[in-house]
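*Asks:* Here's the letter readout for the chains.
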Amino acid sequence: MDTGRREALLRAMLDELVAKGYRGLSVEAAIRAARVSLAEFEADFGSKDECLYAAYQSLADRFVARASARCDAAEPWPERVRTGLSALLEELAGEPRLALALTRAFPGIGPATYERYVDLLERFVPLMEEGRAYSEVEEELPGEVELLAVGAAEAIIFSEVDAGRAGRLPTMLPEILFSVLVPFMGPERAADEMRSAAAAT
Amino acid sequence: MEAAAELCAEGGYEALGENQIAERAGLPVAKFRECFPGGEEQCLAEGENAILLEVVAAVSRSYSADQSEWESVTRGVKAILELMAENPAFAYLGYVAARQMAPGRAREMYESGHRMLEAMLERGGEYSGDRQQPPTTALGILGGAEAIIRRELVAGRAGELPRILTECVYAAFVPYLGQEEALRLAREGERLGR
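Sequence lines, in order, name chains X and F. When we follow this note's numbering, the leftmost residue of the first sequence carries the number 1, and every step to the right adds one. When we follow this note's numbering, the leftmost residue of the second sequence carries the number 1001, and every step to the right adds one.
Since the hints were made in silico from the structure, they are not lab data. This one's a predicted model, so the numbers in the text were calculated from it and none came from an experiment. Ideal Cβ positions, reconstructed from N, Cα and C, are used throughout, including at glycine. Among the clues, some could well be false.
As the list claims (entries may be wrong) - Estimated spans, in silico, between C-beta atoms of each pair:
no. : chain 1 : residue 1 : chain 2 : residue 2 : range
1   : F       : Glu1082   : X       : Arg97     : 26 to 32 Å
2   : F       : Pro1037   : X       : Gly46     : 55 to 61 Å
3   : F       : Gly1125   : X       : Ala133    : 24 to 30 Å
Unchecked claim - Which residues of chain X face chain F? A partial, calculated answer using Cβ under 7 Å:
no. : residue
4   : Pro111
5   : Tyr114
6   : Glu139
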């Protein structure tokens, strides 16, 4: 299967999942939508689950890549967080069905798929580590402060996507940025960054 | 309800059925239906409600007029973490399955519990002086703590949850009181946890 049709199939599987849920998902409908034959599907994927996992992996890779693509390593860390977060929110807002697949439909299938979601969140943790250098206190910050920051953003994003309001996520950049930065920089400087982001948008 | 919570933690909502729950609980299916005429969905919702009531009771026991409000919050968080450590299947049901997998009422129970905790955290705004927080601050605080909790539950390390008290206390206070005070309270929390 060529790359274009494979991508179309993976997308169709996620669309089916969001529309019909795991029990109702029809591989036949997905391969029809992607104009792929059953033989091609079976050659590339052993089962519905294998195809779904591949679709989710591809989707997760895409969102992580978009979040880091526009970040300039020469910029200060808070600026990079803002740029990356902004790109991620734009991407989620532009693809609300994929946003639902990413945060709700696929992770909600069961414990094994939920683990993939946890893995996805963990991929953002190393991007947060530099934030420790921006702390305003000398004492070391708690060991899991990076995941606190990632989880804060996830909770707000999840809440909007789940409520069918993914489209308004870019307007929420300043407040999500506050929640991500505050464990590292404290409330005053996180609020400064929030106001700066609000002024820029 | 415990059997349903265990099955949910093992295979998600997809693994739940009246027969499976009854078999795990060692009950005839007819007895299960008598207890839960609404089937597995009712069982799951009542399980979520039971967790919520336990959480409320644990938090209420932690409040005392003889201690500062911060100490009460810390003791409340500690009580929740210990409760989950002792009941891993219910913790999974309450924190992972109810949010991500469950339909209808169990989900509503989760959301109602979440709103209650958010409202408690938002009281921190009364102590934050001139600092202003955006409206999603409490949601972000809970999200940060829950991300760690969910990771531990997924990894089968529910028993380790009391160890993240420091992170949870720090997250709860830092937007309202600043880093220095939040760290001080987190260290005090560590001492309470020992």
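*Asks:* All hints, please: hold or fail.
*Replies:* Here's how the hints hold up against the structure:
Between glutamate 1082 of chain F and arginine 97 of chain X the CB atoms are about 40 Å apart, so this pair departs from the stated range of 26 to 32 Å. A C-beta distance of roughly 41 Å is found between proline 1037 of chain F and glycine 46 of chain X, which places it outside the suggested range of 55 to 61 Å. Taking 24 to 30 Å as the suggested C-beta distance range, the pair glycine 1125 of chain F and alanine 133 of chain X conforms, at roughly 28 Å. At its closest, the beta carbon of proline 111 of chain X sits 5 Å from a beta carbon of chain F; the interface hint therefore holds under the 7 Å criterion.
The interface hint given for tyrosine 114 of chain X holds, since its Cβ lies 6 Å from the closest Cβ of chain F, which is under the 7 Å cut-off. A distance limit of 7 Å between C-beta atoms decides the matter here; for glutamate 139 of chain X the minimum to chain F is near 5 Å, and the interface restraint holds.
Violated hints, listed in ascending order, are 1, 2; each of the other numbered hints is respected by the structure.
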